[in-house]
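Listed in order, the protein sequences are those of chains A and B.
Everything in the first sequence is counted per numbering that gives the first Met the number 0, starting at 0 for the first residue and increasing by one.
Everything in the second sequence is counted per numbering that gives the first Met the number 0, starting at 0 for the first residue and increasing by one.
None of these hints come from the bench; they were simulated from the model.
There may be inaccurate statements among the hints.
The list treats identical chains as interchangeable, and a pair is accepted whether it falls inside one copy or across any two copies.
Cut-off 27 Å, straight-line C-alpha distance, at most; resulting in silico cross-link-like pairs (DSS-like, lysine-lysine) [what the hints assert, rightly or not]: (1) Lys134 - Lys146; (2) Lys134 - Lys151; (3) Lys151 - Lys201; (4) Lys54 - Lys201.
Quantities reported herein were computed from a predicted structural model and do not represent experimental measurements.
Number of protein chains: 2
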Amino acid sequence: MVSMKETDTYELFYWPSIQGRGEFVRLALEEAGASYVDVARRPESEGGGVAAMMKLLHAPGAAPFAPPFLRSGGLVIAQTANILLYLGPRHRLVPGDEASRLHAHQIQLTVGDMVAEVHETHHPIGSSLYYKNQKPEALRRAELFVKERIPKFLSHFERALAASDGHYLFGDDVSYVDLSLFQLLQGLGYAFPRATAAIAPKVPELVTLCDRVRARKRIAAYLASSRRLPFNEDGIFRRYPELDAGATS
Amino acid sequence: MVSMKETDTYELFYWPSIQGRGEFVRLALEEAGASYVDVARRPESEGGGVAAMMKLLHAPGAAPFAPPFLRSGGLVIAQTANILLYLGPRHRLVPGDEASRLHAHQIQLTVGDMVAEVHETHHPIGSSLYYKNQKPEALRRAELFVKERIPKFLSHFERALAASDGHYLFGDDVSYVDLSLFQLLQGLGYAFPRATAAIAPKVPELVTLCDRVRARKRIAAYLASSRRLPFNEDGIFRRYPELDAGATS
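Put together the whole structure using the sequences plus the hints.
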């Protein structure tokens with residue numbers, strides 16, 4: 000393995016126009032104050048753009064399956080939770096002991112499972128079809144997601160937070176999982192505003208955590224910057240009001 | 000963290016009547032020759048059964064979200080890929096260097112993504128509904144899964160194997176990922192026999208890998224034992240012939 004000097008710059012490869020799964024990595028890099036380039040958002044003339052990402056995706060040998068992926072020195076690391084598993088200890092975004100690291104990764108993987116289910120609410124038949132071509136199925140799926148899955152996932156995260164003896168999941172130091180929980184709640188609030196508002200009183204620890212993360216100096220600066228893309232209907236969290244209707248049924 | 004002596008016995012918690020996600024862990028434990036108890040398959044009168052699993056799932060504090068989970072000394076580790084991340088280095092089922100471990104975990108997570116999509120083929124609307132109540136949607140989803148997703152995932156794994164300079168993903172020593180790829184192919188062959196037979200000639204490395212894994216002494220003994228549950232229509236891989244029909248369209 001090629002080691003990376005502390006001063007080296009990470010290269011993040013992700014779709015340039017959406018928050019998507021890449022946002023979980025961006026938030027960790029921002030909180031860490033790490034030097035990174037969001038490659039696909041740079042001009043093609045400077046070696047950026049989607050073309051640069053595709054070049055790596057289609058490289059011979061063992062290429063990533065899909066974005067996001069991170070280049071760090073000689074390593075190319077894919078899968079969101081795997082990237083955070085790598086970044087966490089390097090930037091003190093997770094405690095040093097094995098039990099905490101495994102627990103952090105476990106919750107991160109469950110965040111990822113929920114994100115995948117969010118995607119399924121608007122693409123229950125297949126990601127190669129437009130939403131309009133799977134809308135009846137999406138309505139059925141989203142109704143169950145709002146009614147059953149949002150409460151199940153969020154109460155799980157709420158319990159994990161309640162078990163902590165500090166302001167964050169692992170005491171009083173923020174971890175990459177706290178950042179991801181913040182992002183998850185932002186996405187849910189965008190895509191399912193009614194359902195999220197309805198459940199908020201039942202998950203006070205999560206709501207407070209979001210406030211704490213949002214107020215952190217580097218995160219606040221990032222959220223106010225042009226580096227933070229707005230949510231939109233091309234990403235994973237999409238505001239299709241008809242899918243949020245189950246909240247009142 | 001409480002350390003575990005090499006001679007201690009792992010406790011695996013998973014549904015007692017299906018292979019499911021637990022099988023990826025079982026295969027790793029079997030190949031390692033590790034001492035383990037498949038807790039929910041033991042009698043309730045001896046502290047086993049689903050009741051023992053539920054007790055841990057509903058324990059106060061930060062409990063797992065879902066089975067499988069593994070108790071190892073004082074640790075309780077959930078999420079299939081996370082359990083394998085833990086077991087791999089302890090039983091030499093992954094090379095020691097960081098780059099290989101991250102790469103192994105990355106591919107394992109992609110195996111997990113495909114397994115989740117397999118589940119969606121028979122439950123595209125929600126896991127709380129019976130298959131018969133989401134069959135039209137399942138037919139649509141499975142057709143795309145067979146046509147687009149199976150080739151995309153399997154060609155990805157095939158490329159990763161082809162990039163290896165040995166018989167397995169990381170040379171000539173078997174890794175937990177090789178075992179998982181074997182299991183994935185067995186499941187696909189059970190659930191989608193026609194689609195799997197159709198694609199087999201295009202993924203020769205994967206087919207050869209399966210033969211090698213199946214012939215390993217401990218794996219062969221395990222597969223012939225009563226510890227190996229048969230596939231069935233309660234698990235993740237289900238043989239619903241109508242969902243395999245896309246193979247010929």
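Tested hints:
no., hint, in the structure
1, Lys134 - Lys146, "both (18 Å within a copy, 21 Å between copies)"
2, Lys134 - Lys151, "both (24 Å within a copy, 25 Å between copies)"
3, Lys151 - Lys201, "within (12 Å within a copy, 41 Å between copies)"
4, Lys54 - Lys201, "between (46 Å within a copy, 24 Å between copies)"
Comparing the model with each numbered hint stated earlier shows that all of them hold.
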